[in-house]
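**Student:** Read off the chains here:
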Amino acid sequence: MEPIILAYIGIGLMVGLAGVGSAIGVTITGNAAIGALKKNADAFGNYMVLSALPGTQGLYGFLGYFLLAGKISPDMTWAAAAAVFGASLALAMTGLLSAIRQGQVCANGIAGIGSGYDVFGKTMILAVFPELYAIVSLAAVFMIGNSI
Amino acid sequence: MILKMKKYSFLVYHKQYIEFLEKIREIGVLHVIEKPEGIAENDELRDKMQLAARLKSAIKQLEKRTPKNATLAEINPSFSGLDVLVKIENALSEKDALEQKLQLAEKDRERMEVWGTFSHDRLEQLTDSGFVVKFYNCNLRKFDQEWEVKYNAFEIDTIGSQRYFITITRPDEVVDIDADSVKLSDKTAEELDVEIDKIRFAIENVKTELIQMSVADFNTLKSVQIDVMSDIDFSKVLLNTNAEAAEKVMLLEGYCPEESEEDLNRYLDDSGVYYEASVPTEEDKVPVKLKNNAFAKLYEVIGELYDIPNYHELDLTPFFAPFYMLFFGLCLGDAGYGFLLVLVAIFARKKVKPALKPVLSLVTWLGSSTVIMGIVSGTFFGYNLLESKIAWIEKFKVIMLDPNQLFYTALILGVIQIMFGMILKAVGLVRRYGLSASLSTWGWIIILLGGGAVYGLQTLSVLSPEITKWAFIGIGSVGGLLIFILNDIKRNPLINIGAGLWDTYNMATGLLGDVLSYIRLFALGISGAVMGFVFNDLAIRLSGDIPVISPLIMIIIMLIGHSINIFMSGLSAFVHPMRLTFVEFYKNSGFEGGGKKYKPFARYKEKESLF
Chain A
1 MEPIILAYIG IGLMVGLAGV GSAIGVTITG NAAIGALKKN ADAFGNYMVL SALPGTQGLY
61 GFLGYFLLAG KISPDMTWAA AAAVFGASLA LAMTGLLSAI RQGQVCANGI AGIGSGYDVF
121 GKTMILAVFP ELYAIVSLAA VFMIGNSI
Chain B
149 MILKMKKYSF LVYHKQYIEF LEKIREIGVL HVIEKPEGIA ENDELRDKMQ LAARLKSAIK
209 QLEKRTPKNA TLAEINPSFS GLDVLVKIEN ALSEKDALEQ KLQLAEKDRE RMEVWGTFSH
269 DRLEQLTDSG FVVKFYNCNL RKFDQEWEVK YNAFEIDTIG SQRYFITITR PDEVVDIDAD
329 SVKLSDKTAE ELDVEIDKIR FAIENVKTEL IQMSVADFNT LKSVQIDVMS DIDFSKVLLN
389 TNAEAAEKVM LLEGYCPEES EEDLNRYLDD SGVYYEASVP TEEDKVPVKL KNNAFAKLYE
449 VIGELYDIPN YHELDLTPFF APFYMLFFGL CLGDAGYGFL LVLVAIFARK KVKPALKPVL
509 SLVTWLGSST VIMGIVSGTF FGYNLLESKI AWIEKFKVIM LDPNQLFYTA LILGVIQIMF
569 GMILKAVGLV RRYGLSASLS TWGWIIILLG GGAVYGLQTL SVLSPEITKW AFIGIGSVGG
629 LLIFILNDIK RNPLINIGAG LWDTYNMATG LLGDVLSYIR LFALGISGAV MGFVFNDLAI
689 RLSGDIPVIS PLIMIIIMLI GHSINIFMSG LSAFVHPMRL TFVEFYKNSG FEGGGKKYKP
749 FARYKEKESL F
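First to last, the sequence lines map onto chains A and B.
Taken in order, the first sequence gives residues 1 to 148; the numbers are from the numbering used here.
Taken in order, the second sequence gives residues 149 to 759; the numbers are from the numbering used here.
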C-alpha cells in the first residue's frame with residue numbers, strides 16, 4: 001500500500017464527514033425555523049442567522065483539504081501521510097459532531113424565539129461553544145500542514 | 149451615540165388633562181414611562197385592539213385585490229369607517245360561504261354524474277306504486293348475475309372497475325347483496341350543474357364587489373385605522389397615568405431628548421402646567437435613541453437584530469461598523485462579486501421605496517469593501533489573480549496576500565478587534581463609574597498589549613534580551629497589581645486575589661477561543677474563492693469544443709455556479725461577521741444591552757417593515 005492512499009482516505013473523511021455534520025446541523029435548524037415561522041413569522045431574520053451558524057464546519061473541512069493539498073503527492077513519505085491522515089481525522093470527527101450538536105442548540109434557540117422569548121443573542125453566544133472545538137481542530141490541521 | 153434625555157414629571161389638574169395630553173401628542177417628543185406593574189386589564193382597550201386587528205386584516209384583504217395602476221378613491225366623509233369595515237367583512241364571509249357551497253355542490257355533482265338524467269318525482273311515483281328502486285355500486289368482479297334475476301338489477305353504467313346499478317324490488321323485500329348502497333342527493337346531475345353555475349356567478353359578483361371596494365374604500369379604511377390606533381395609543385397613556393389627590397390631579401412621567409427639550413418647555417411654560425425636569429440617575433431605565441454619523445447610521449439595523457444598548461453604556465455601532473465592513477469583504481472575498489453588489493445596489497436604489505434606501509446604501513459600502521478585499525485576496529469571479537500572468541495585474545500584486553498570509557491576517561484582525569473592544573470597555577467604565585472601577589481592565593490591556601509589543605520588538609531584535617526581561621517583569625508586575633490587588637478598591641485584598649485568579653482563568657480560556665474564532669474569516673473567504681474557481685473549471689471542462697454551443701454552455705454553467713456561490717457566500721458573509729460582532733466584540737467590550745427603544749407619544753405613523 002502506498003502512503004498516498006492513507007492520506008486521501010483521511011482527506012475523504014475530513015471533507016465528507018465535516019460536510020455531513022453541517023448538512024445535518026442546518027437541516028435540524030431549518031426544520032426548527034419552519035416550525036417557528038408558523039408561530040411567529042416576523043422574526044425570520046433571526047431564524048435565518050441562527051440557521052446559518054452550523055454551516056461553517058463543512059467549510060472548515062473543505063478548507064482543511066486546501067491547507068493540506070500541497071503536501072500530498074504520489075511520492076510522499078509514510079510520515080507525511082500519517083500526519084495528513086491524523087489531521088484529517090481530527091477535523092472530520094470534531095466537524096461532524098460539533099455541527100450536529102450546534103444545530104441542536106440553534107434549533108432550540110429558534111424554537112424559543114418562535115414562542116416569543118427574546119433569546120436570539122444568548123443563543124448565538126451558546127452556539128459558539130460547540131464550534132470552538134471545530135476551529136481548534138482546523139488550527140491543528142493548519143499547524144500540522146506547516147510541520148510536514 | 150446615545151442621545152441624552154431628561155426625565156419629566158407633570159402634575160395636571162384632571163379637568164385639563166385631556167387637552168394637555170393632546171398637546172403633548174402634537175409636540176410628539178415625550179416617551180411615556182409605563183407603570184412597572186403593567187396596565188390593568190381594561191375592557192375598552194381590549195375592544196379597541198380587537199377592532200384594530202379586524203381593520204388590519206380587512207385592509208390586507210383589500211390590498212390583495214387592488215388592481216394594478218388603479219387610482220385609489222379619496223376618503224369619503226359620508227361613510228362611517230366602521231360601516232365600511234362591516235360591509236367588507238360581510239362581503240368576505242359571504243364569499244367564503246359561497247365557496248364552501250360550491251365545493252359541496254361540485255362533490256355532489258360528481259357523485260350524481262353516473263346516474264344521468266332521471267326524475268325524483270317518477271321515483272316517488274314508482275315507490276308509491278309498490279316498486280322500490282335502490283341504487284348501488286360495487287366492484288365489477290363482485291357483481292353477481294343472480295341479482296339481475298333475484299332483485300331485478302339493472303346496470304346503469306360501468307366506469308373502470310366500478311359498476312353502478314339499481315335494483316327494483318317490492319317494498320317489503322330485503323335486498324341483501326355485497327354492494328355499497330348509494331345515498332342520492334336531492335338533485336340530479338343536470339340540476340346540480342345549474343346550481344353550480346348560479347353559485348359561480350354569485351362568487352364572481354362578490355369578487356367584483358370586493359375589487360370595487362378595494363379602490364373605493366381603501367383610503368377610508370386606512371384613515372379609520374389611523375384613528376383607532378391613535379385612540380389606542382392615547383388610551384395607553386391615560387392608563388399609564390397615576391391619579392393622585394382623590395383623582396383630582398394627574399401625575400404623568402416621561403423622558404424627552406435634550407435636543408427636543410425646547411419645544412416641550414415652550415409649551416409647558418406657556419400653559420402653566422406644573423412640571424419638573426431632572427437628569428436621570430444610574431438606576432433609571434431610560435429609553436434609547438441612537439444618533440450616528442451617516443456611515444454608522446446604516447449599521448444600526450444590524451445592531452438592532454441583536455440588542456439595543458441600555459442608556460448608561462456606550463453605543464458600539466460606530467465602533468463595530470468599520471470592522472463589520474472589513475470582515476464582510478474578507479468573507480465574500482471576490483472582487484467580481486463585489487462589483488456586482490455595488491452595481492445592483494446603485495441601480496436598485498433609484499427604484500425602491502424610501503424605507504429600503506438605507507439598506508441599499510449599506511449594500512453599496514459592503515460591496516466596495518468586497519471589491520477591495522477581493523483584490524487583496526486575489527480573486528475575481530473565481531479567477532485566481534495571484535497566479536495570473538496578465539501584465540497590468542502585476543502592479544496590484546503588491547497588496548495581494550497568499551492564503552498563508554491571509555490566515556495570519558484573520559487572526560491579527562481578531563486580536564485588533566478584541567483589544568479595541570477591551571479599551572472601549574475600560575473607557576466606558578471610567579466614564580460611568582470612575583477610574584477605580586476600570587483598573588483591572590487596564591491591567592489586562594497593559595499585560596496583553598505590553599507583553600505583545602515587547603515580544604514583537606524582541607523578535608525583531610530591537611530590544612536586547614536584558615531589557616526585554618526587565619520589560620516583561622515591569623509589565624507583569626504593574627498588570628498583576630491592577631488585576632489582583634486593585635480590581636475592587638473597596639474590597640478585602642485577599643478576596644481580590646481570588647477574584648483575580650477567577651478573572652485570569654476566564655481570560656485565558658475566553659481569549660484563546662475568541663481569537664481562534666476569527667479564523668472563520670479566512671475559512672469563509674478561501675472557500676468562497678475556491679468554489680468560484682471550481683465552477684469556472686467545471687464550466688470550461690464540461691462545455692467541450694463545439695464552435696458556437698460550447699461558449700454558450702460554458703456561460704450558462706458559470707452563471708448558475710456563480711449565482712449559487714454568491715448566494716451562499718453572501719449569506720455567510722452577512723451572518724458570520726455579525727456573529728463575531730455580537731459575541732466576541734460585544735463580550736470583550738462589556739456590552740450589557742437590555743435597552744428600550746425610544747418611542748415618543750405622537751401622531752400615529754405606520755411602521756414599514758423590511759422583510
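Keep in mind the hints are simulated off the structure, nothing from the lab.
Keep in mind that a hint or two might mislead.
[To be verified] If you anchor each label on the Cβ, the simulated ranges turn out as follows:
hint	chain 1	residue 1	chain 2	residue 2	range
1	B	P699	A	I24	23 to 31 Å
2	A	I24	B	L399	57 to 65 Å
3	A	M143	B	E754	33 to 41 Å
4	B	A221	A	I24	51 to 59 Å
5	A	L37	B	G308	41 to 49 Å
6	B	P699	A	D75	35 to 43 Å
7	A	M143	B	L629	45 to 53 Å
From a predicted model like this one, the values you see are computed outputs, not experimental measurements.
Backbone N, C-alpha and C fix where the C-beta goes; we use that ideal spot for every residue, glycine too.
**Student:** Evaluate each hint against the coordinates.
**Tutor:** Now for the hints, and whether the structure bears them out:
Judged by the Cβ atoms, the range 23 to 31 Å given for P699 of chain B and I24 of chain A is violated: they are separated by roughly 40 Å. Take I24 of chain A and L399 of chain B: their Cβ atoms lie about 58 Å apart, and the range 57 to 65 Å holds. Distance hint check: the CB atoms of M143 of chain A and E754 of chain B are about 56 Å apart, inconsistent with the given range 33 to 41 Å. Checked against the hint of 51 to 59 Å, the C-beta distance between A221 of chain B and I24 of chain A comes to roughly 55 Å, which is consistent with it.
Distance hint check for L37 of chain A and G308 of chain B: the Cβ-Cβ separation is about 42 Å, which falls inside the suggested range of 41 to 49 Å. Under the hint 35 to 43 Å, the C-beta atoms of P699 of chain B and D75 of chain A, about 39 Å apart, fit the expected range. M143 of chain A and L629 of chain B have their C-beta atoms about 35 Å apart, which leaves the hinted 45 to 53 Å range violated.
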